[in-house]
Amino acid sequence: MWRGQRSRTVVIGVVFAAFLVCCVLPIAYLVVTTLAEGSGAYAALVLDSRQRGLLFNTAFLGIGTALLTTAIGAPLGIALARVPVRRKAVIRLIAAAPALLPPYVVALAWIYLGSSGGLLAALTGQDLFSEWTYSLPAAIFILSLVLYPLPMLATEVAMRRIDGRLEEAALIVAPPHRVLWRITLPLAAPTIVAAALIVFVLAVSEFGVPGLLRVRVYTTEVFTAFAALYDFARAIALAVPLLLASVAVAAAAAALLGDRLVASRRSIGVSPVVFGGWRRPAEVAILLVAATAVALPILILGREALAARSLGAVVTGSVNAIVSSLLLSAVGATLVVAVALWLGYVQARAGRAFRRGFQVVLVALFAVPSTIVGVGLIGLWNRAGPLGALYGTDLMFVLGYLARFVPVAALILAATAQTVSVSQEEAAAVSGTGWLRTIRGIVLPQMRLGIAAAWVIAFVLAFGELGVSILVAPPGEATLPIRIYTIIANTPASHVAALALLQSLVIFTTIAALGAAASVREAK
Amino acid sequence: MNAAAITLADVTKRFESHVALDRVSFEVAAGSAAVILGPSGCGKTTLLRIISGLEVPDTGHVLLNETTVSDAGRTIVPPHQRRLGFVFQDLALWPHLTVRENLDFVLGSMRLSRGDRSRRAQEALALVRIEQFSARYPHQLSGGEQQRVALARAIVGEPRVLLLDEPLSSLDPELRAELRSELVRLQEALHLTMVYVTHDRDDAAVLAHRVVEMRAGRILAIHGEQNRRQEQA
Chain A
2 MWRGQRSRTV VIGVVFAAFL VCCVLPIAYL VVTTLAEGSG AYAALVLDSR
52 QRGLLFNTAF LGIGTALLTT AIGAPLGIAL ARVPVRRKAV IRLIAAAPAL
102 LPPYVVALAW IYLGSSGGLL AALTGQDLFS EWTYSLPAAI FILSLVLYPL
152 PMLATEVAMR RIDGRLEEAA LIVAPPHRVL WRITLPLAAP TIVAAALIVF
202 VLAVSEFGVP GLLRVRVYTT EVFTAFAALY DFARAIALAV PLLLASVAVA
252 AAAAALLGDR LVASRRSIGV SPVVFGGWRR PAEVAILLVA ATAVALPILI
302 LGREALAARS LGAVVTGSVN AIVSSLLLSA VGATLVVAVA LWLGYVQARA
352 GRAFRRGFQV VLVALFAVPS TIVGVGLIGL WNRAGPLGAL YGTDLMFVLG
402 YLARFVPVAA LILAATAQTV SVSQEEAAAV SGTGWLRTIR GIVLPQMRLG
452 IAAAWVIAFV LAFGELGVSI LVAPPGEATL PIRIYTIIAN TPASHVAALA
502 LLQSLVIFTT IAALGAAASV REAK
Chain B
398 MNAAAITLAD VTKRFESHVA LDRVSFEVAA GSAAVILGPS GCGKTTLLRI
448 ISGLEVPDTG HVLLNETTVS DAGRTIVPPH QRRLGFVFQD LALWPHLTVR
498 ENLDFVLGSM RLSRGDRSRR AQEALALVRI EQFSARYPHQ LSGGEQQRVA
548 LARAIVGEPR VLLLDEPLSS LDPELRAELR SELVRLQEAL HLTMVYVTHD
598 RDDAAVLAHR VVEMRAGRIL AIHGEQNRRQ EQA
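Respectively, the protein sequence lines represent chains A and B.
If you're matching positions, the first sequence starts at 2 in the working numbering and goes up one per residue.
If you're matching positions, the second sequence starts at 398 in the working numbering and goes up one per residue.
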């Protein structure tokens, strides 16, 4: 349709070049460096019992979190899809809210609850929970509270996309519970399994929670090797096995999802099976889980923060980190969307083979653990000459945000672009309108809400980003997450809690603004 | 005339402001075939869905074998306890199950021994002449073969009533004629009470003992006992 259009070639070419430099090159650098060094570095790692412990902890964290999030999230997703709960949109938003909180903020709250100086110890007069608080099962529990919205939403979407007639055909001959087990769930299973795989990858990629709970996993070890021991070679050697495992599992998940990942519309307009009698229990269960995952941590942080002598002084003392975080996240989110918009457009308009392959690449890149992205960025940009000019500046934060969040924003925007029919562009093309003008006048206006959603999600993720930021931060510069993470050891808990609370407040305000915009649009 | 296997009395169904069925009443005698004939949107499918229990009438009631199964605004007997077979317009074969497993799902809801289940599945497949496809998945079959699977699935539970919602509409004329004859043979062999929804007068002429003509949610006319036309070779 647009064959021979120079503007299209230039725009897509520039964006793909930016994508390669920002997202692919840091990872490729790590892999190439490791291959160049040979297998010597790995021999010690494989035989080292310390490393075997790391492997066990990392695998246990990933598998445990994937299983627990699915156990929590899938029933809630079924409830959202099949039980006529009241105010479903609001309940869904509340239930999904934990995914927006940085995991280490939730971990902090649970530390204030269960540690030897925590709320439970104060209430019972005994230190019953501190051993459990700093443990691998606690890390699994906390990550599950943060990540359960992923299987929940995946299950809901998968069940909504099932052709209602398949269930009706079964209802003619079987009771609803049997239809759910034998027809509905097996049809939704690939999506639920894919969500569990993605949770596995996100859990083994997580740095903040195991770091705070003193659980040794690969990500914390990479950070220690680089930031504490200044052993770059060891950091890389540790990073590559985790990188390969994450990418492989994420690619499997993307392949399992197929076109479902970016197809957002229900294909058949037949009412699904509903379980009307379960409304009250479903509402209670969803709100109970959301209260445990969001309200309880916020209340604990609030209680802790109130102990501070002057909340104003706490904020003033961190004002540079707060302002810097807000600015960098806003700039980062804008650039992320600027690149992801075109990648999403290409993903939505490409042929099936490219679409499938590129989707695997995007999911795999999103799954790369943050500390590994950080090590890759340092290796790539920390050098003499013009390339090194960026290193040591705040732009490294932005590069980190681009490397981590362009893939997920591209997937969101691909789903949005797919809702704009190709025939609309074809109609513009045959009437003689140029590609850029068609995009500006026809496609982008219809993608506005999706673009806003992608920006908000990128902003929220960037605002809570810790793993890359803590590695690439220039001397003397800190974002809010870095400030929180680094002052934990030597600052009163009330100060740390106040900052974590402030961070949560910014995130929820941004999301509320998006929710309000969506409501206004829906009302129109 | 046999006793009524299906009775609809004064059934009305609204979807918001749209009246899909307006005080519809008719009976289908046990072992006979009724064809509901009418254009798209006249309420034919809604009628079948109300008989099956997938929809509840707003007013009026539905009886199967003289037992009330639906009453105004409520379901008395749920769909799976009505002993029905239903062939959907788009067939709705379960894509993750093989042909045999599609039938097994139906039989699994009945208290049958493994041997009985196997025998009944084999018999149903043989009746519609697709025994050789039992291990295949629906997407591995042609359109006509899929129609036969849908039919086998609908009869394997030995239903009292067979409901068919324009199951042949997407087929070419030759295959359509062949399957129509097949349906007549099955209906007679199994003494099934059958309700067949269509907008095609040829379907009605070949399949119906009784034709119920519908327009805009209302019954226009009921053409009483009639001889079926022989399908032309």
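Everything labelled a hint here was simulated from the structure, so no lab data went into it.
All values derive from a computational prediction rather than experimental measurement.
Watch out, some of these pointers could steer you wrong.
Stated by the list, open to error - Okay, the calculated beta carbon distance ranges per label pair:
| hint | chain 1 | residue 1 | chain 2 | residue 2 | range |
| --- | --- | --- | --- | --- | --- |
| 1 | B | His493 | A | Gly389 | 37 to 47 Å |
| 2 | B | Gly470 | A | Pro282 | 20 to 30 Å |
| 3 | B | His415 | A | Leu312 | 29 to 39 Å |
Stated by the list, open to error - Some residues of chain B that are not near chain A, with every Cβ distance over 12 Å (derived):
| hint | residue |
| --- | --- |
| 4 | Arg446 |
| 5 | Asp455 |
| 6 | Thr456 |
| 7 | Arg479 |
| 8 | Arg480 |
| 9 | Asp501 |
| 10 | Val503 |
| 11 | Gly505 |
| 12 | Ser515 |
| 13 | Arg550 |
| 14 | Glu575 |
| 15 | Glu610 |
Glycine residues also receive a C-beta, built at the ideal position from the N, C-alpha and C atoms.
How the hints compare with the structure:
1. Between histidine 493 (chain B) and glycine 389 (chain A), the C-beta spacing of about 55 Å breaks the proposed range 37 to 47 Å.
2. The supplied range of 20 to 30 Å is met by glycine 470 (chain B) and proline 282 (chain A), whose beta-carbon atoms lie about 24 Å from each other.
3. Range check, histidine 415 (chain B) to leucine 312 (chain A): Cβ separation about 59 Å, and the 29 to 39 Å hint is violated.
4. Residue-level check failed: arginine 446 (chain B) sits 8 Å from the nearest beta carbon of chain A, not beyond 12 Å.
5. Every Cβ of chain A is farther than 12 Å from the Cβ of aspartate 455 (chain B); the closest lies at roughly 16 Å, confirming the non-interface assignment.
6. For threonine 456 (chain B), the requirement that its beta carbon stay farther than 12 Å from each beta carbon of chain A is met, with the minimum near 21 Å.
7. With a cut of 12 Å on Cβ distances, arginine 479 (chain B) falls inside the contact zone with chain A, its closest approach being about 8 Å.
8. Once the 12 Å rule is applied to beta carbons, arginine 480 (chain B) is inconsistent with being away from chain A; the minimum gap is 9 Å.
9. At roughly 10 Å from the closest C-beta of chain A, the C-beta of aspartate 501 (chain B) falls inside 12 Å, breaking its exclusion from the interface.
10. Residue-level check failed: valine 503 (chain B) sits 5 Å from the nearest beta carbon of chain A, not beyond 12 Å.
11. A beta-carbon of chain A comes within 12 Å of the beta-carbon of glycine 505 (chain B); the shortest separation is about 7 Å.
12. For serine 515 (chain B), the requirement that its beta carbon stay farther than 12 Å from each beta carbon of chain A is met, with the minimum near 17 Å.
13. At the 12 Å boundary, the C-beta of arginine 550 (chain B) falls inside the reach of chain A, the nearest C-beta of that chain being 8 Å off.
14. Listed as a non-interface residue, glutamate 575 (chain B) keeps its Cβ farther than 12 Å from every Cβ of chain A; the least gap is roughly 23 Å.
15. Separation of glutamate 610 (chain B) from chain A is adequate, the least Cβ-Cβ distance of about 26 Å exceeding the 12 Å criterion.
Hint compliance for this structure: hints 1, 3, 4, 7, 8, 9, 10, 11, 13 are broken, all remaining hints hold.
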